[in-house]
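Number of protein chains: 2
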Amino acid sequence: MSDIDPGQARPPRRVRVDLPGRAYDILIGAGLVDAAGSILAERLPDARLAIVTDETVAALHLDRLTASLDAAGIAHAVVTVPPGETSKSFRQLEHVVDAILAGRFERGDAVLAFGGGVVGDLAGFAAAIVRRGMRFVQMPTTLLAQVDSSVGGKTGINSPRGKNLVGAFHQPDLVLADTSVLDTLVPREFAAGYAEVVKYGLIDRPEFFDWLEWKRAPIFAGGPERAEAIAASCEAKAAVVIADEREAGERALLNLGHTFGHAIEAAVAFDPARLVHGEAVSIGMAQAHRFSARLGLCPGQDATRVEAHLKAAGLPTRLSEVPGAAIAREVLMAGIAQDKKVKRGRLTFILTRGIGRSFIAADVDAAQIDEFLAEELAG
Amino acid sequence: MSDIDPGQARPPRRVRVDLPGRAYDILIGAGLVDAAGSILAERLPDARLAIVTDETVAALHLDRLTASLDAAGIAHAVVTVPPGETSKSFRQLEHVVDAILAGRFERGDAVLAFGGGVVGDLAGFAAAIVRRGMRFVQMPTTLLAQVDSSVGGKTGINSPRGKNLVGAFHQPDLVLADTSVLDTLVPREFAAGYAEVVKYGLIDRPEFFDWLEWKRAPIFAGGPERAEAIAASCEAKAAVVIADEREAGERALLNLGHTFGHAIEAAVAFDPARLVHGEAVSIGMAQAHRFSARLGLCPGQDATRVEAHLKAAGLPTRLSEVPGAAIAREVLMAGIAQDKKVKRGRLTFILTRGIGRSFIAADVDAAQIDEFLAEELAG
Ligand SMILES: NC(=O)c1ccc[n+]([C@@H]2O[C@H](COP(=O)([O-])OP(=O)(O)OC[C@H]3O[C@@H](n4cnc5c(N)ncnc54)[C@H](O)[C@@H]3O)[C@@H](O)[C@H]2O)c1
Ligand SMILES: NC(=O)c1ccc[n+]([C@@H]2O[C@H](COP(=O)([O-])OP(=O)(O)OC[C@H]3O[C@@H](n4cnc5c(N)ncnc54)[C@H](O)[C@@H]3O)[C@@H](O)[C@H]2O)c1
Ligand SMILES: [Zn+2]
Ligand SMILES: [Zn+2]
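First to last, the protein sequences are chains B and R.
Read in UniProt numbering, the first sequence has 376 at position 376, and its numbers run on one by one without any break.
Read in UniProt numbering, the second sequence has 62 at position 62, and its numbers run on one by one without any break.
Isolated chain B (complex conformation) (with noise of 0.2 Å):
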């Protein structure tokens, strides 16, 4: 089982990510991970492998990885962190550093994040910072590490001041989304990753929205819809990065609902038991619709339309389906007031003209958006 089961195996997508002097390849498919010696063996020759993932995904999946790369010649050495945002710190990363010196990789070594965005965003910033700057590949293994955040080079930890205030931009040789590995991931997972795939369509990508509404069943089942999604979900972003890959512009179109969704996470102090990030991001897209359609920018029947689609995915759409005490609305102003993208006072947000047709507020009234919100609260 060191390749792709010729039996069900369609050959793995591929989306080209062509940034300047450091283009590479993102394979989307079932079976990557049996695959994984294989293809390895062929694009990063010579190379050793510091496999870092989490306790979750190790006892899931780990063997078969291993089993691949052994059956390849590759050698390799695994860190394992434990699952879940709180390994995204300085101790972690320490940890991690030290295993892949302690190990002797060099410069032209890999190291491989085997996980979801907590294992990339980690074995990633290490990866930019030993020797200042190993090799990097992505397998994520879960749907929004491999619709988002294994996408753009971003990688890094949090701080007792903030998330994601700690990291470098390291782009990676090589990303292989296996789409077999997310049937394990539990469903609120699966669908939390979907609120990204369901962003790229309402940013610019109105057809692919419509096509979502009609392949969500089978996206979620498994089919080969899966992979497409995937794939165009990567399409979309890469599009976005390649165009601004150092964050000056058009990526902010990228933070559609999380304004919102940042303040409503920061407001269940980001307890997954409340709620996880993709569905206040689900709650955020849906909010961005309704308060531009109160703004008279958006049709109606269009906010209603993703609000629909969010619902039918699982997803929450409304601040009173977050779990425990009401959210409050001056918790919610402060969140939003605090979120990075405020330059100066005044409010960035990314408004939209209609499904697919997003574009960037720089100037919008915090009064209008406390009203908004009051009314959201009220019912």
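Don't take each hint at face value.
To be verified - If you want a taste of the chain B side facing chain R, the calculated C-beta under 8 Å gives, among others:
{"id": "1", "residue": "A72"}
{"id": "2", "residue": "A99"}
{"id": "3", "residue": "I129"}
{"id": "4", "residue": "V130"}
{"id": "5", "residue": "R131"}
{"id": "6", "residue": "K154"}
{"id": "7", "residue": "G156"}
{"id": "8", "residue": "S159"}
{"id": "9", "residue": "R161"}
{"id": "10", "residue": "G167"}
Unchecked claim - Facing chain R, a subset of chain B residues (Cβ under 7 Å, in silico):
{"id": "11", "residue": "F90"}
{"id": "12", "residue": "E94"}
{"id": "13", "residue": "V97"}
{"id": "14", "residue": "L101"}
{"id": "15", "residue": "R132"}
{"id": "16", "residue": "L165"}
{"id": "17", "residue": "V166"}
{"id": "18", "residue": "A168"}
{"id": "19", "residue": "F169"}
For the record, the hints were derived by calculation from the structure and aren't laboratory data.
For every residue, glycine included, the Cβ atom is placed at its ideal position computed from N, Cα and C.
Since chain B is already given, all that's left is putting chain R with the ligands on it; use the hints.
What follows is chain R with the ligands alone, placed relative to chain B:
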């Protein structure tokens, strides 16, 4: 005193480091600490400054720097680390990063390194990773930092597994080298930095070496020749860095004297009481010339001249001058073999055909080095 005293002033020398897309200036002259406020107000308007320094430099020079910034109306905060190599650690990195974040510095604000190479490497690394990259200003206060560590964009910390194993490339926006702060350096540290000045002459600037032989006294005494020597050194290093920013090839010439030097430092366990880096490099450069002479590559009289100049500057040139227990040949050979300039068993050395005629020798025979060291140790 918020500007250069017009009585004694010469305008500072300027060395332009012409990296594509990220060109910056190095200003060199007496009085730049007092002029920093007005210069920074012009060059980085709107940037607040997170000053990173060490206790020794803070006690000697910080008041003048902050007075100059205050006079120019530049907001700033200060974070201090203990002096010495042990501050290049994850622990101090986290401390500095946290202080920067606590001060709510943004990407457009700047980290200002005010100290020797330790502070520059640590602060530069923090600037590279806070918010994935802040602006960065270097105010190097040792000769070594002014002529070497502040040029080239290498930043980083040490690991228990080795020096400078963790870091980033992060170019500064501006370097201000005040030549008069060097007056408070202990003579031994000044001489150690001077070894790196001599190195640039020995690599590929024979006329610069001639000039150093002639001007050594006023350089040490703090005459205008000091700024001239520092500017020439920065130009020499910048030329190499521009040609080879990521260390693929020619940048290796900067390691002249450093393969022997690192092995000697390792042999004394990096104990600064026995040997500081520049002293080890001085011995290493003398050895590189003697070894090259022994191979018939370099005229013996050039090796003698190099040795005489280093000695006159108060630097050691022989292993026998290292205080404490004699260094064993096997220990040096092990250090040389472990050095990162070794690739797949082949020893890469910087050798020379004479003063200012160094070259990269990729295939040096370990047995010949072993023999040479045996002779050196015999006396
Ligand atoms: N770098 C970027 O551009 C970027 C973009 C978006 C999000 N992020 C980051 O991504 C992180 C969130 O990523 P995430 O949602 O993947 O979180 P995660 O990595 O914590 O994974 C979620 C949970 O799923 C488990 N898991 C992973 N793969 C599994 C599998 N195949 N089967 C079963 N369980 C599995 C994990 O152990 C974890 O408990 C956040 O830290 C966020 O900041 C980064
Ligand atoms: N980044 C690079 O390219 C590069 C190149 C060479 C060396 N380095 C690094 O630089 C470091 C060595 O730099 P260094 O020699 O400047 O060491 P340092 O920073 O430790 O300074 C040496 C000593 O001098 C003191 N000092 C600094 N300025 C002073 C002043 N004006 N008056 C009195 N005392 C002063 C310091 O407190 C310290 O005790 C090493 O960590 C080395 O790895 C980096
Ligand atoms: Zn998101
Ligand atoms: Zn040196």
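Here is how each hint holds up against the structure:
1. A72: At 21 Å from the nearest chain R Cβ, A72(B) fails the 8 Å test, so the hint is violated.
2. A99: violated, 10 Å
3. I129: holds, 5 Å
4. V130: Check passed: Cβ of V130(B) comes within 6 Å of chain R, closer than 8 Å.
5. R131: holds, 6 Å
6. K154: holds, 7 Å
7. G156: For G156(B), the interface hint holds, since the closest Cβ of chain R sits about 7 Å away, which is under 8 Å.
8. S159: Given a least distance of 6 Å, the restraint on S159(B) holds.
9. R161: holds, 4 Å
10. G167: holds, 5 Å
11. F90: holds, 5 Å
12. E94: The hint holds - E94(B) has a Cβ within 7 Å of chain R, the shortest such distance being about 5 Å.
13. V97: Interface hint status for V97(B): holds (6 Å vs cutoff 7 Å).
14. L101: Nearest chain R Cβ about 4 Å off; hint holds.
15. R132: Holds. Min distance 5 Å.
16. L165: holds, 6 Å
17. V166: Holds - the Cβ of V166(B) comes within 7 Å of chain R, reaching about 5 Å at its closest.
18. A168: The hint holds - A168(B) has a Cβ within 7 Å of chain R, the shortest such distance being about 6 Å.
19. F169: Cβ of F169(B) sits 6 Å from chain R, so the hint holds.
Of the numbered hints stated above, those contradicted by the structure are hints 1 and 2, listed in ascending order.
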